[in-house]
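Position chain B against the provided structure of chain A, taking the given hints into account.
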Amino acid sequence: MDVVTQMQRQLLQYTSSLFKEGFLDDQFNQLQQLQDESNPEFVVEVVTLFFEDAERLLNELSKSLEQESIHFRRVDAHVHQLKGSSSSIGAQRVQRVCIAFRNFCEQQNVEGCLKSLQEIKQEYSLVKTKLETLFKMEKQLFAAGGSSVSR
Amino acid sequence: MWVKWWWEKISGNGSMKVKSGCVRRVFYSWIVFCTVGGLYGFWHMSLNACEQRKETLISMCDERARMVQDQFNVSMNHIQAMSILIKTFHHNMNPSSIDQTTFSRYTERTAFERPLTSGVAYAVRVLHSEREQFERQQGWTIKNMDTLHPSPVQDEYAPVIFAQDTISHVISLDVLSGKEDRENVLRARESGKGVLTAPFRLLKTNRLGVILTFAVYKRSLPSNATPDQRIQATDGYLGGVFDVESLVEKLLQQLASEQAVIVNVYDTTNNTHPIIMYGSNVSGDSFSYVSTLNFGDPLRKHEMHCRFKRRPPWPWLAFNTCVGGFVICVLLGYIFYATWNRVVKAEEDRDEMTELKKQAEAADIAKSQFLATVSHEIRTPMNGVLGMLHMLMDTDLDVTQQEYVRTAQGSGKALVSLINEVLDQAKIEAGKLELEASLFDLRALLDDVLSLFSEKSQAKGIELAVYVSDKVPEVLIGDPGRFRQIITNLMGNSIKFTEKGHIYVTIHVVEEVVHSIEIDKELGMEDSSNRVSLSGFPVADSRRSWEGFRAFSQVGPLGSFSSDADLINLIVSVEDTGEGIPLEAQSRIFTPFMQVGPSVSRRHGGTGIGLSISKCLVGLMNGEIGFVSVPKIGSTFTFTALFTNACNNHHQHQSNPPSSEFQGMRALLIDPRPVRAKVCRYHMQRLGIRIKVVSDLSQGLSTITEEGNQIINMVLIEQQVWDRDSCMSSGFVDSTSRVHHGVPPKLFILVNSNACLGESIGNPRVIIKPLRASMLAASLQRAMGVTCRNGEVPATSLSLGHLLGGRKILIVDDNGVNRTVAAGALKKYGADVVCVSSGKEAISKLKPPHDFDACFMDIQMPEMDGFEATKKIREMERCARSNKREGFVDKLSKWDVPILAMTADVIQATHEECVRRGMDGYVSKPFEAEQLYREVSRFFHS
Numbered sequence: 001m002d003v004v005t006q007m008q009r010q011l012l013q014y015t016s017s018l019f020k021e022g023f024l025d026d027q028f029n030q031l032q033q034l035q036d037e038s039n040p041e042f043v044v045e046v047v048t049l050f051f052e053d054a055e056r057l058l059n060e061l062s063k064s065l066e067q068e069s070i071h072f073r074r075v076d077a078h079v080h081q082l083k084g085s086s087s088s089i090g091a092q093r094v095q096r097v098c099i100a101f102r103n104f105c106e107q108q109n110v111e112g113c114l115k116s117l118q119e120i121k122q123e124y125s126l127v128k129t130k131l132e133t134l135f136k137m138e139k140q141l142f143a144a145g146g147s148s149v150s151r
Numbered sequence: 001m002w003v004k005w006w007w008e009k010i011s012g013n014g015s016m017k018v019k020s021g022c023v024r025r026v027f028y029s030w031i032v033f034c035t036v037g038g039l040y041g042f043w044h045m046s047l048n049a050c051e052q053r054k055e056t057l058i059s060m061c062d063e064r065a066r067m068v069q070d071q072f073n074v075s076m077n078h079i080q081a082m083s084i085l086i087k088t089f090h091h092n093m094n095p096s097s098i099d100q101t102t103f104s105r106y107t108e109r110t111a112f113e114r115p116l117t118s119g120v121a122y123a124v125r126v127l128h129s130e131r132e133q134f135e136r137q138q139g140w141t142i143k144n145m146d147t148l149h150p151s152p153v154q155d156e157y158a159p160v161i162f163a164q165d166t167i168s169h170v171i172s173l174d175v176l177s178g179k180e181d182r183e184n185v186l187r188a189r190e191s192g193k194g195v196l197t198a199p200f201r202l203l204k205t206n207r208l209g210v211i212l213t214f215a216v217y218k219r220s221l222p223s224n225a226t227p228d229q230r231i232q233a234t235d236g237y238l239g240g241v242f243d244v245e246s247l248v249e250k251l252l253q254q255l256a257s258e259q260a261v262i263v264n265v266y267d268t269t270n271n272t273h274p275i276i277m278y279g280s281n282v283s284g285d286s287f288s289y290v291s292t293l294n295f296g297d298p299l300r301k302h303e304m305h306c307r308f309k310r311r312p313p314w315p316w317l318a319f320n321t322c323v324g325g326f327v328i329c330v331l332l333g334y335i336f337y338a339t340w341n342r343v344v345k346a347e348e349d350r351d352e353m354t355e356l357k358k359q360a361e362a363a364d365i366a367k368s369q370f371l372a373t374v375s376h377e378i379r380t381p382m383n384g385v386l387g388m389l390h391m392l393m394d395t396d397l398d399v400t401q402q403e404y405v406r407t408a409q410g411s412g413k414a415l416v417s418l419i420n421e422v423l424d425q426a427k428i429e430a431g432k433l434e435l436e437a438s439l440f441d442l443r444a445l446l447d448d449v450l451s452l453f454s455e456k457s458q459a460k461g462i463e464l465a466v467y468v469s470d471k472v473p474e475v476l477i478g479d480p481g482r483f484r485q486i487i488t489n490l491m492g493n494s495i496k497f498t499e500k501g502h503i504y505v506t507i508h509v510v511e512e513v514v515h516s517i518e519i520d521k522e523l524g525m526e527d528s529s530n531r532v533s534l535s536g537f538p539v540a541d542s543r544r545s546w547e548g549f550r551a552f553s554q555v556g557p558l559g560s561f562s563s564d565a566d567l568i569n570l571i572v573s574v575e576d577t578g579e580g581i582p583l584e585a586q587s588r589i590f591t592p593f594m595q596v597g598p599s600v601s602r603r604h605g606g607t608g609i610g611l612s613i614s615k616c617l618v619g620l621m622n623g624e625i626g627f628v629s630v631p632k633i634g635s636t637f638t639f640t641a642l643f644t645n646a647c648n649n650h651h652q653h654q655s656n657p658p659s660s661e662f663q664g665m666r667a668l669l670i671d672p673r674p675v676r677a678k679v680c681r682y683h684m685q686r687l688g689i690r691i692k693v694v695s696d697l698s699q700g701l702s703t704i705t706e707e708g709n710q711i712i713n714m715v716l717i718e719q720q721v722w723d724r725d726s727c728m729s730s731g732f733v734d735s736t737s738r739v740h741h742g743v744p745p746k747l748f749i750l751v752n753s754n755a756c757l758g759e760s761i762g763n764p765r766v767i768i769k770p771l772r773a774s775m776l777a778a779s780l781q782r783a784m785g786v787t788c789r790n791g792e793v794p795a796t797s798l799s800l801g802h803l804l805g806g807r808k809i810l811i812v813d814d815n816g817v818n819r820t821v822a823a824g825a826l827k828k829y830g831a832d833v834v835c836v837s838s839g840k841e842a843i844s845k846l847k848p849p850h851d852f853d854a855c856f857m858d859i860q861m862p863e864m865d866g867f868e869a870t871k872k873i874r875e876m877e878r879c880a881r882s883n884k885r886e887g888f889v890d891k892l893s894k895w896d897v898p899i900l901a902m903t904a905d906v907i908q909a910t911h912e913e914c915v916r917r918g919m920d921g922y923v924s925k926p927f928e929a930e931q932l933y934r935e936v937s938r939f940f941h942s
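If you're matching them up, the sequences are chains A and B in order.
UniProt numbering puts the first residue of the first sequence at 1, with every later residue one more than the last.
UniProt numbering puts the first residue of the second sequence at 1, with every later residue one more than the last.
Treat the hints with caution; some may be incorrect.
Restricting the straight-line Cα-Cα distance to at most 25 Å, the calculated cross-link-like pairs of lysine-lysine (PhoX-like) are [said to hold, decoys possible]: (1) B:Lys-460 x A:Lys-20; (2) A:Lys-128 x A:Lys-139; (3) B:Lys-87 x B:Lys-218; (4) B:Lys-456 x A:Lys-20; (5) B:Lys-432 x B:Lys-358; (6) B:Lys-746 x A:Lys-139; (7) B:Lys-143 x B:Lys-179.
If you are wondering where the hints come from, they were derived from the structure by calculation, not from laboratory data.
Bound conformation, chain A alone (with noise of 0.2 Å):
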């Protein structure tokens, strides 16, 4: 029984630590409250779908920017796209770097785009594996018998 506490601890300091490094922010949390029994899956359900998302935009961004004449309406209708997901999810370095590419967008400035691509990628990766980790946890915990703490 202990190693259930234990988990549940470890969870509970990854979570906090999350949120510390500003990974996620409260979204995080209300998507976390609408999960419940008539959707026990809801917030892995939405992750991966945002994880979907992303992998999908993140293609077709680095597709348009490679091209010789950027099409800078389209390239920044993705990035509006990626923003409302990951701001839809609570990933918050992902929603800032996306405002930045915005704003670069408006400028058509090339560089400044793919150097935020390249962050935007880098921030996606970082929490995706973050948010992997912390699903599996959950699992584990979730496997051992214990619950996730209730608020």
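Relative to the frame of chain A, chain B by itself:
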């Protein structure tokens, strides 16, 4: 008469608006009138007095005159009688039986009969031829009266033969020799009547007197005898001397009265030279009266003149009366005048006041309108400011800048909430706020409010609890939004001012509370201060907060106000252990914009308008609000509100327990504090769980092990108990896990805040307060592994759930993640959600008549944005309506779906903009429960 005239003059002017000048004129003329009246009265009265005085004088004078005359006549009659005596006994008898001696004795003795005569004498008629014989016979010679010598030869003589002793010196004197006497005698014998001489000085007494002379005849003469016959028949003359002065004096003495009268008697035979017979020339009143005296001698005339000795007195009576009357009349006039002035003044004042009141009311209305307008107008740009701030947050900012923006945003939000409050206040003042009447679940509403505050209370480590009495019906009819506003307000205040302890909301039916007071009184437990409160901190005595309530004073001893069974009077109290309200501020706590002090508003923010609004709202719910507060201990606010019981007509409406899967389970609560245990029991019972309370762990253990046949499914342990003794705790865990029969009970620890979580407390699960049925159910489900039946949303009895439960809602968003999140949020509240990803799809789904109850639409979408889609949908609705107009009376909602904009971009999301574009409102994209509730509740009435 004049009053009538005056009144007519006044009231004749119509609208009682006589100017004071006119009234003053009337007053002055009244004074003049009074003066004239007074003078006239005085003149009249003094004249009267004068007349009366004259009459008095006349009557007095006449009286005196008559008496003098009477007395005189008496004497005269007697003398006449004597003349007959002499005739009989002197002349008709021969020899005469009367001589001087006899005569004088007789007259002496009968002198009292003639009080006015000083003497009587008798003279006989002697012709010259008889002189010698007579002289011889008498023995003396006839003497002349003046010279006292023997009389010279005359034709006839009239010597006195008898005389009273007082005048015996006149014997032998010839009365014909005296001029006066002669004339008198001659007249007397010619007329045969008593004749008077003119007054003259009497010989001896030197007083004024008259002599009365009667003739004595030889034989009886006929009354019409000629003077010659009479002279022939004359025998002698009887004369009496009257002392007029003493006569009158005696009389006046008899009649002496307080009003001294001066009396003069005159002989007025000679008109030009009246001879005074009595009286002096003492000066007296100018007015005199003359009475004639008749002494029986027709040739002689006598008069009596009377005057008052004193001058007429100043007519004080008349004067006083008149002055008094004048003064009274003037005073009376003045009273009228003053009264009238007062009335006029009062009326003027009243008119002025009315005018001022009108102005004040107009100003008040203007103020409210101004507030309403301005508040409304401020909200629009504020949304812009907030939106821009939000966007600014999204830009690349350093930490300090972000801090600034966050502060600005916080202030902006505070400002918007303040404006909303002011708007509410203005609406209340303008009387425009009306309560709606809709069904609502009070318990769910309170759970909802509790979740709102849970974060704050957990952060502060305050215990937050709600208890609703069993007597309160499941479903009530009233205005849940406003009720919620009051409670949120009170709890918000409490949480703001409380740093430690608890906030405890209780809801009872008024009858119940009254009854409990009665019981307490009977048991002598009126002092409730020593009861242990929820968190163990001392609290203010809540009873004092409702001391003045009408509802309580009206109720009889057993609370018999079941006049209307459908009406439920709830009493809600919010108790905290905060810093309390300073005594000096308590009186103005319900005044708008009044805060305890400037430092408080600086520290805690807020407008101080909340309580005022709450009071108004409570008033609208036919309730009362009161509070009791002890500084450093805490405050308790209590209010009553009247609702309609919905359970009677909507029997068992939505009243299934939130999670019936727990039905019949048993729980054990280990909690030494009864109040806290009561709250827990309340929530567990709502889930259908039967609960038993014990006060410590060992008791709990024995309960679990002893009650073999009754399975305890779960044990709830208060953190306080758990932390007290860790050895005991771990022992308890071991023992419970080894309970031999069936499944060992699950253990739960009830804690107040996250802070305590880190400590190692064994394996039990932790439930963080505030307890709510939904949250409790979720925790229990997770632990007990109870599966929910047929995917029904368990335990979400939030009021949003009531609003959205079973509604079919379309979500339109191109972003899959956003769509999923929004759908998840709405599903959580029980809505039936369909998602589409573009405006076109939305149009195809939203063809009237509508299947959907509402549509949440993203504004920014590729191809067709939200506004355009809405425009298309509205066009379709218009067409459909015009086609179906004839004979089709359908629910309006079928033809008019509410569309809410869903956006993160607050700039576009002003309410006005959305309405202009045909939408019904907006919600910001990460859903906020409050905002969602507010918007949705405008369309859906549960």
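Status of the hints after comparison with the structure:
no., hint, in the structure
1, B:Lys-460 x A:Lys-20, "20 Å, holds"
2, A:Lys-128 x A:Lys-139, "16 Å, holds"
3, B:Lys-87 x B:Lys-218, "7 Å, holds"
4, B:Lys-456 x A:Lys-20, "19 Å, holds"
5, B:Lys-432 x B:Lys-358, "20 Å, holds"
6, B:Lys-746 x A:Lys-139, "21 Å, holds"
7, B:Lys-143 x B:Lys-179, "14 Å, holds"
Against the hints set out earlier in the document, no violation occurs for any number.
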